[in-house]
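Could you build the full structure based on these sequences and the hints that come with them?
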Amino acid sequence: MKDALQSILKKNGIEEWLIRIKKINGTQGYYILDKKEMLRFQNAVQIEVTVYRTFAEGDDKYRGSMTIAISPSMNEKEIGEKLKFAYDSALSVKNKWYPLSNSASRKRTPLQQSSIFKDGFRNGNGAQWVERIAGDIFNIEHQGVVFNALEVSVSENDHSIVNSDGIDYSWTDYSCFTELVTTTASGEKDEAELFDLFRFSDYSSEQMGRRVKQQVLDTLDRTKAERLSSTGDLPVVLKGKALFEFFSYFINQANARMIFEGMSVFDKGKQLQSGGDLLTIDAVPALGGSDKNNFVDRDGIIPVPVRVLERGKMNSIIADLQFGTYLGEEITGNSRNIHVGPGSFDGDTLKNTPSLETLEFSDFSMNPVTGDFGGEIRLAYFFDGKNTTPVTGGSITGNINKVIDSIRLSSTIITEGAYEGPVFISMDGVTITG
Amino acid sequence: MVKVKDSEFLKRIKPEITKIVRLLEKRFDYVSVLGTDTFGYKYQLSGDNSSIEESMWTERGFVARVLDNRRVYEYSFNLIDSGVGEEIAEKIVEAVEDSDPNGFREYALLPEEPLNLSFNDEVKIDPVSAGAEKIFTNLQNLFDRTLEAGEYIFNARVVYEWVRVAKIFISSVRNLEQTYIWSQAYLVPMARKENLVKIIYAAASGVGGLEILKSLEDRIESTVTDAELLLSAEPIIPGEYDVVLSPDIAGLVAHEAFGHGVEMDMFVKNRALGKEYIDKKVASSLVNMRDAAFPVRQCGSYRFDDEGVISGNTLIIENGILKKGISDTLSAASMGTVPTGNGRRESFMNKAYSRMTNTYFEGGNDNVDKMIASVDSGYLIDYTQSGMEDPKNWGLQGIALIGREIKNGKLTGRIASPVVMTGYVPDILNNISMISGDIELSGSGYCGKGWKEFVKVSAGGPYIKTKMRLG
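As they're listed, the protein sequences go chains A and B.
Residue 1 is where the first sequence starts when you use my numbering, and the numbers rise one by one after that.
Residue 435 is where the second sequence starts when you use my numbering, and the numbers rise one by one after that.
If you are wondering where the hints come from, they were derived from the structure by calculation, not from laboratory data.
A portion of the hints provided could be inaccurate.
These stretches of chain A come out as covered by chain B in the derived footprint (C-beta under 8 Å, 3 or more residues) [unchecked claim]:
(1) 192-206
(2) 258-272
(3) 363-369
(4) 425-434
Below are the BS3-like pairs computed for lysine-lysine, each with C-alpha atoms no more than 27 Å apart in a straight line [unchecked claim]:
(5) K61(A) to K241(A)
(6) K213(A) to K886(B)
(7) K268(A) to K841(B)
(8) K94(A) to K648(B)
(9) K23(A) to K445(B)
(10) K61(A) to K568(B)
Here are some chain B residues pointing at chain A (derived, C-beta under 8 Å) [what the hints assert, rightly or not]:
(11) Y509
(12) G770
(13) M783
(14) V802
(15) D810
(16) Q831
(17) K886
Glycine is no exception: its CB is placed at the ideal position from the N, C-alpha and C atoms.
Given below as structure tokens:
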């Protein structure tokens with residue numbers, strides 16, 4: 001397909017272009033209790049072509065572009081017509097000129113995914129992996145908790161990216177997820193539910209076991225949880241999935257496009273923090289098992305780690321090809337995993353300090369522009385200095401710029417999905433609504 | 435009005451798809467194939483930068499569903515051409531036979547009634563033939579007027595996206611075709627005062643074309659005013675308040691608080707409290723709530739769903755009583771009910787679930803001015819940021835960008851932001867004491883099942899007065 005597309009581009013006189021191809025072989029099992037509701041198979045190819053134009057008005061040079069999807073079922077005539085439409089339309093996009101590739105990136109070596117799935121998911125292998133992962137989960141001890149529904153999806157993706165400027169990379173990765181719904185067994189005070197969507201590219205039955213066991217314990221505690229009432233001002237401790245979302249604020253603020261459009265207040269060299277544990281945050285292209293690993297980004301750039309914050313000081317910008325060029329930055333490519341350095345807080349200190357320790361939210365959200373964050377609590381622990389009570393309901397809200405000087409980071413770190421960093425963080429100045 | 439054109443591709447490939455269905459009928463108890471050829475473009479303009487890209491909703495492919503001894507399998511594919519039907523049918527048989535047949539739930543689907551349907555919608559200003567230059571001229575006009583409208587507006591983003599949906603559904607007894615266009619547009623002013631940056635949005639959406647941009651033009655000034663008001667917004671003092679919900683927020687409540695809770699695949703999995711409350715009171719007797727893919731014309735509209743069931747118009751809550759859920763075919767088979775036409779997929783690559791379409795509270799007899807006048811101390815809440823369902827425990831999370839303070843029956847001009855709304859759903863619905871007449875639906879966002887499986891929906895309603903916990 002790659003060669004056929006290049007030939008059609010040439011026939012249509014299109015000289016500047018980029019082709020992205022992703023071939024997907026996937027299998028999915030959907031379970032209600034421990035019975036399969038359905039088994040699904042995926043066999044598809046996704047193709048995108050970006051057509052570029054270079055043009056000038058007076059002394060100013062511009063870059064036009066348009067990205068289109070090409071279906072593998074399109075014939076040459078259809079593809080030619082769609083490319084021509086894109087080529088004509090690209091003239092209406094009048095952006096400052098930027099190059100199609102970057103010499104520094106070409107000197108980098110693309111990372112390769114190492115994964116237990118190296119034999120892929122073809123020829124029945126996918127269904128076997130679905131059964132194996134589901135079996136590992138169903139075999140985990142879960143007395144008092146029902147595994148109500150489970151989805152297991154495994155997918156092998158063969159990627160290639162090629163452009164008119166000589167970039168030509170191919171690689172394979174794996175995108176998988178499990179979604180497990182746990183409910184306390186009937187007869188408990190109130191049936192409570194938690195669900196967990198876990199995305200991964202490599203598999204460890206031990207890691208899955210730890211995650212599911214924690215979910216079982218959290219589900220039991222949610223059953224016992226009391227409605228959150230007024231707690232007064234307390235440090236709030238964040239744990240679990242909310243940490244990625246919380247720290248994503250800094251990754252977004254360091255994004256070249258956000259800076260170019262004026263939506264970021266990122267100011268290289270400026271000290272953000274005057275107190276608390278000083279934050280060191282990196283955007284990294286690959287983390288073991290993450291589903292957000294980026295071996296080559298959408299522009300064909302091989303990304304490198306970027307230290308966004310260094311000891312509380314704004315350090316470097318995540319520079320994609322277009323907006324990084326505009327800002328005059330070294331092109332780093334786009335990395336989507338977050339690494340946060342450890343701090344000074346240990347678990348014993350946490351146990352002795354009155355706090356609201358939040359584990360599960362309905363949907364913890366962080367506004368990438370304003371830094372406002374918050375969410376409804378599904379499970380938290382309220383420690384009043386003497387007793388710990390599981391609580392549910394209510395919400396927390398805050399603004400990152402107002403809490404940043406009080407942030408304390410745990411000294412232990414965890415790697416889970418696209419996040420590697422402190423197991424928990426604590427901060428003051430968060431509004432707790434009971 | 436212009437008739438939306440058929441997909442030439444689906445017309446060309448339909449005989450091959452029919453052949454696949456006929457071949458598989460010999461081997462399986464039930465066979466259907468859904469075919470899609472959906473495409474569209476997103477045009478974006480922001481200061482010194484613009485872009486055109488294929489819509490995230492573009493898809494061209496097929497999903498075959500087969501029942502083998504009451505076990506359900508699906509096969510998604512997009513590599514097809516004339517003459518390869520037999521090969522694809524063989525691959526489907528092979529995939530089923532290579533997998534372990536043990537450990538399945540067994541399904542007996544209701545027999546399909548024979549049906550032929552061909553639906554081509556009409557559009558006022560056809561975006562397919564409008565061309566990039568015309569669309570960008572419209573967006574530039576919106577952009578320029580937005581920047582001129584406020585003292586603190588330093589940039590804006592304007593977006594227009596259209597999508598032409600074409601689908602076919604073929605089974606042993608059904609032959610369905612539909613084609614329509616939906617559009618959505620956003621205006622996002624960005625306000626800055628010293629180091630403080632705030633953004634807000636106005637959105638327009640609907641079944642139709644470029645004409646939806648007109649409604650954004652009418653909202654430039656109010657949106658810019660709200661963006662600048664955000665620069666002086668204060669956090670809310672946590673507590674329970676009397677609230678007046680805008681149609682946008684009423685839609686968020688309809689969708690998150692109750693809509694997800696009546697998706698009947700959640701009943702099958704014992705994941706929704708609503709299952710226990712059919713024919714019981716769940717809301718104030720003023721409340722009527724509906725999910726309708728047709729005749730409502732918004733971004734969740736269609737004539738048949740992704741399982742070949744004709745679109746539904748389901749009265750979910752009638753005078754405060756929960757009457758009925760919405761279902762896909764498998765959940766209906768499990769529950770012994772008739773499918774309501776709510777089986778929807780993110781794309782041909784995905785499973786169908788019970789999903790909402792256009793979900794809304796019906797209008798009442800009050801008006802927003804009377805509602806505000808009746809509040810001693812509370813907020814008028816507007817601009818949805820996000821929401822999340824919790825149908826098992828009937829919790830609500832919604833985040834709004836603006837709470838307009840009401841004191842002694844009047845808006846004070848002060849605003850709070852952001853506003854996190856929480857509460858126990860039956861409390862919120864039972865506390866509804868006033869409902870205005872006219873309803874508005876908005877379909878500019880999308881809906882996930884949990885954190886995935888995104889589909890286009892709309893939600894809305896009238897202005898509603900109730901009580902909520904705000905933080």
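Cross-check of the supplied hints:
Taking a C-beta to C-beta cut-off of 8 Å, the segment 192-206 of chain A contributes 4 residues in contact with chain B, enough for the three needed, and the coverage statement holds. Beta-carbon proximity to chain B at under 8 Å applies to 6 residues in the segment 258-272 of chain A; the threshold of 3 is reached and the given coverage holds. Requiring three or more residues with a Cβ within less than 8 Å of a Cβ of chain B, the coverage given for the segment 363-369 of chain A holds, as 4 such residues are present. Closer than 8 Å: that is the beta-carbon criterion, and the segment 425-434 of chain A has 4 residues meeting it against chain B, so the requirement of 3 holds.
Straight-line distance between C-alpha atoms of K61(A) and K241(A) comes to about 45 Å, which puts the hinted pair past the 27 Å bound. A distance of roughly 23 Å separates the Cα atoms of K213(A) and K886(B); the hinted pair therefore holds under the 27 Å criterion. Distance restraint check for K268(A) and K841(B): the Cα-Cα separation of roughly 44 Å exceeds the 27 Å cut-off, and the hinted pair is therefore not satisfied. For the suggested pair K94(A) and K648(B), the alpha carbons sit about 24 Å apart, so the restraint of at most 27 Å is met.
Restraint check: the Cα-Cα separation between K23(A) and K445(B) comes to about 26 Å, which is no more than 27 Å; the hinted pair holds. Proximity of K61(A) to K568(B) is assessed by CA-CA distance (about 23 Å); at most 27 Å being required, the pair is judged to hold. For Y509(B), the suggested interface contact is upheld, since its CB lies about 5 Å from the closest CB of chain A, less than 8 Å. Annotation: interface hint on G770(B) violated; nearest CB of chain A at approximately 16 Å, more than 8 Å.
The interface hint given for M783(B) holds, since its Cβ lies 6 Å from the closest Cβ of chain A, which is under the 8 Å cut-off. Contact between V802(B) and chain A, as hinted, is not supported at the beta carbon level, the nearest pair being about 26 Å apart and thus beyond 8 Å. At its closest, the beta carbon of D810(B) sits 20 Å from a beta carbon of chain A; the interface hint therefore is violated under the 8 Å criterion. Nearest Cβ of chain A to the Cβ of Q831(B): about 4 Å, under the 8 Å cut. The hint holds.
Evaluation of the K886(B) hint against chain A yields a held restraint, the C-beta minimum of about 7 Å falling below 8 Å.
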